[in-house]
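Participant: Spelled out, the chains give:
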Amino acid sequence: MPVSVKFFAGLRESLSLSDLSLPADELHTVADVWHKATDGREPPENLLCAVNHQHSALDSTVSDGDEVGFFPPVTGG
Amino acid sequence: MPVSVKFFAGLRESLSLSDLSLPADELHTVADVWHKATDGREPPENLLCAVNHQHSALDSTVSDGDEVGFFPPVTGG
Amino acid sequence: MTVALKTAPYDAWDELKAYEQQRLTAGRYGACCAFTGTMRDFNEGDEVKAMSLEHYPGMTECQLEAIADEASARWPLLDTLILHRVGDIQPGETIVLTACWSAHRAASFEACRFLMEALKSRAPFWKKETLQDDSTRWVESNTPG
Amino acid sequence: MTVALKTAPYDAWDELKAYEQQRLTAGRYGACCAFTGTMRDFNEGDEVKAMSLEHYPGMTECQLEAIADEASARWPLLDTLILHRVGDIQPGETIVLTACWSAHRAASFEACRFLMEALKSRAPFWKKETLQDDSTRWVESNTPG
Numbered sequence: 000m001p002v003s004v005k006f007f008a009g010l011r012e013s014l015s016l017s018d019l020s021l022p023a024d025e026l027h028t029v030a031d032v033w034h035k036a037t038d039g040r041e042p043p044e045n046l047l048c049a050v051n052h053q054h055s056a057l058d059s060t061v062s063d064g065d066e067v068g069f070f071p072p073v074t075g076g
Numbered sequence: 000m001p002v003s004v005k006f007f008a009g010l011r012e013s014l015s016l017s018d019l020s021l022p023a024d025e026l027h028t029v030a031d032v033w034h035k036a037t038d039g040r041e042p043p044e045n046l047l048c049a050v051n052h053q054h055s056a057l058d059s060t061v062s063d064g065d066e067v068g069f070f071p072p073v074t075g076g
Numbered sequence: 000m001t002v003a004l005k006t007a008p009y010d011a012w013d014e015l016k017a018y019e020q021q022r023l024t025a026g027r028y029g030a031c032c033a034f035t036g037t038m039r040d041f042n043e044g045d046e047v048k049a050m051s052l053e054h055y056p057g058m059t060e061c062q063l064e065a066i067a068d069e070a071s072a073r074w075p076l077l078d079t080l081i082l083h084r085v086g087d088i089q090p091g092e093t094i095v096l097t098a099c100w101s102a103h104r105a106a107s108f109e110a111c112r113f114l115m116e117a118l119k120s121r122a123p124f125w126k127k128e129t130l131q132d133d134s135t136r137w138v139e140s141n142t143p144g
Numbered sequence: 000m001t002v003a004l005k006t007a008p009y010d011a012w013d014e015l016k017a018y019e020q021q022r023l024t025a026g027r028y029g030a031c032c033a034f035t036g037t038m039r040d041f042n043e044g045d046e047v048k049a050m051s052l053e054h055y056p057g058m059t060e061c062q063l064e065a066i067a068d069e070a071s072a073r074w075p076l077l078d079t080l081i082l083h084r085v086g087d088i089q090p091g092e093t094i095v096l097t098a099c100w101s102a103h104r105a106a107s108f109e110a111c112r113f114l115m116e117a118l119k120s121r122a123p124f125w126k127k128e129t130l131q132d133d134s135t136r137w138v139e140s141n142t143p144g
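Protein chains in written order, with numbering that gives the first Met the number 0: chain A, 0 to 76; chain B, 0 to 76; chain C, 0 to 144; chain D, 0 to 144.
Hints were generated in silico from the structure; no laboratory data involved. Hints should not be assumed to be uniformly reliable.
[Stated by the list, open to error] For each label pair, taking beta carbons as the anchor points, the in silico distance ranges come out as: (1) C:Gln89 <-> B:Ser13: 22 to 30 Å; (2) A:Leu14 <-> C:Ala3: 49 to 57 Å; (3) A:His27 <-> D:Phe41: 44 to 52 Å; (4) D:Ala25 <-> C:Pro75: 21 to 29 Å; (5) C:Thr135 <-> D:Lys48: 24 to 32 Å; (6) B:Ser13 <-> C:Ala49: 19 to 27 Å; (7) A:His34 <-> C:Pro75: 43 to 51 Å.
[Unchecked claim] Dumping the calculated DSBU-like pairs for lysine-lysine here, alpha-carbon to alpha-carbon at most 30 Å: (8) C:Lys16 <-> D:Lys48; (9) C:Lys16 <-> D:Lys16; (10) D:Lys127 <-> A:Lys35; (11) C:Lys127 <-> B:Lys5; (12) D:Lys48 <-> C:Lys48; (13) C:Lys48 <-> B:Lys5; (14) D:Lys16 <-> C:Lys48; (15) B:Lys35 <-> B:Lys5; (16) C:Lys5 <-> B:Lys35; (17) D:Lys5 <-> D:Lys48.
Just so you know, these numbers come straight off a predicted model, no measurement behind them. No residue lacks a Cβ here, since even glycine has one placed at the ideal position from N, Cα and C.
In isolation and in its complexed conformation, chain A is listed as follows:
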């Protein structure tokens, strides 16, 4: 099962990336997913990440079939 990757808000716009599907091989952490999806870009300082809809960190583990989200600080409410 591939890893599904989603970008939101300003990050989606600045990277021109929205939805990706990446082969799970060699993707062990959220950081691996970020680097693969962005061709090795430096992650922004205020980057937020989620794995399967739960807030996560760059060193969180990723498994086959996971959904990984990347987004800037949230501003709802």
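We have chain A already, so just place chains B, C and D on it with the hints.
Facilitator: Using the frame of chain A, we list chains B, C and D on its own:
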């Protein structure tokens, strides 16, 4: 001008006193008003007093024409 | 800023909607915190059939206005509403409504809480409950905030 | 407990009235604290003409439900309601509504405040403002609570 005295809630019921008008002479403090109005009863520990609709204490000053209120702890809201 | 005593049942949400439409300018405020206190049908382990709310006419309005003024002095509020029932009340009916409008949420939350705490300790209202056997009792003290 | 996303304008007070009538039992609760966050027509010194609220479908609902569950675990609540707009919003429209019902006031006030603070820091919503000259900008950070 006499001093107007009002009792409320449980205190009104237990003393059987509601509205009184007392000559202002010799009434210098709220305590004086209490003693005159109640024939020298001991004021209850949790007694609250108001002079002209402002929360006051037994040693607060009373003047001609003032309205003095006596009541138990408030329980609104 | 509005403070009013109500002698008949009122719907808190209808009152808020009407007040906001009449008194606030849409787009100017970003936050409203509202609180309703409602009569429960039980208290201190007993079923309560009805309640009567006595107050001190004149002093009540004076104290509620002072409390609303104090909130406006302490927080940047755009408007404040306090409604309070007096007289005979049935279970389920709204007793008190407090609401504060502000630009940002902190002021409205803090001021609305302040209004309720101040009202509960300073506004001259007294509750008398009627129990199932038609006996009555004065409520002795408020729940701590 | 109800969490819902709204794609069209809604009246917060109508929603509260309907929810209370349908879901709460009159006489069982003594306190309700409600908060509304409304779109202002100005922000950071600029006039704002419109707003678009992006969110993370799936994660949004999951986070809002977790926040509501956490409130219920921390305070003795009878019910909790969270509504949040997504999509295009006009100034004056309600963005968020949170409400907590409880027996006594402290729980409803504290839990309602908690819902808003948690929502503002954890729920994946992002505001994009359209200014008078039709330029757009992402809101970078929330007002501190």
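Participant: Compare the structure with each hint and give your call.
Facilitator: Results of checking the hints against the structure:
no. : hint                             : in the structure
1   : C:Gln89 <-> B:Ser13: 22 to 30 Å  : holds (27 Å)
2   : A:Leu14 <-> C:Ala3: 49 to 57 Å   : holds (55 Å)
3   : A:His27 <-> D:Phe41: 44 to 52 Å  : holds (47 Å)
4   : D:Ala25 <-> C:Pro75: 21 to 29 Å  : violated (36 Å)
5   : C:Thr135 <-> D:Lys48: 24 to 32 Å : violated (59 Å)
6   : B:Ser13 <-> C:Ala49: 19 to 27 Å  : holds (22 Å)
7   : A:His34 <-> C:Pro75: 43 to 51 Å  : holds (46 Å)
8   : C:Lys16 <-> D:Lys48              : holds (24 Å)
9   : C:Lys16 <-> D:Lys16              : holds (10 Å)
10  : D:Lys127 <-> A:Lys35             : holds (28 Å)
11  : C:Lys127 <-> B:Lys5              : holds (18 Å)
12  : D:Lys48 <-> C:Lys48              : violated (52 Å)
13  : C:Lys48 <-> B:Lys5               : holds (29 Å)
14  : D:Lys16 <-> C:Lys48              : holds (24 Å)
15  : B:Lys35 <-> B:Lys5               : holds (13 Å)
16  : C:Lys5 <-> B:Lys35               : violated (35 Å)
17  : D:Lys5 <-> D:Lys48               : holds (20 Å)
Violated hints, listed in ascending order, are 4, 5, 12, 16; each of the other numbered hints is respected by the structure.
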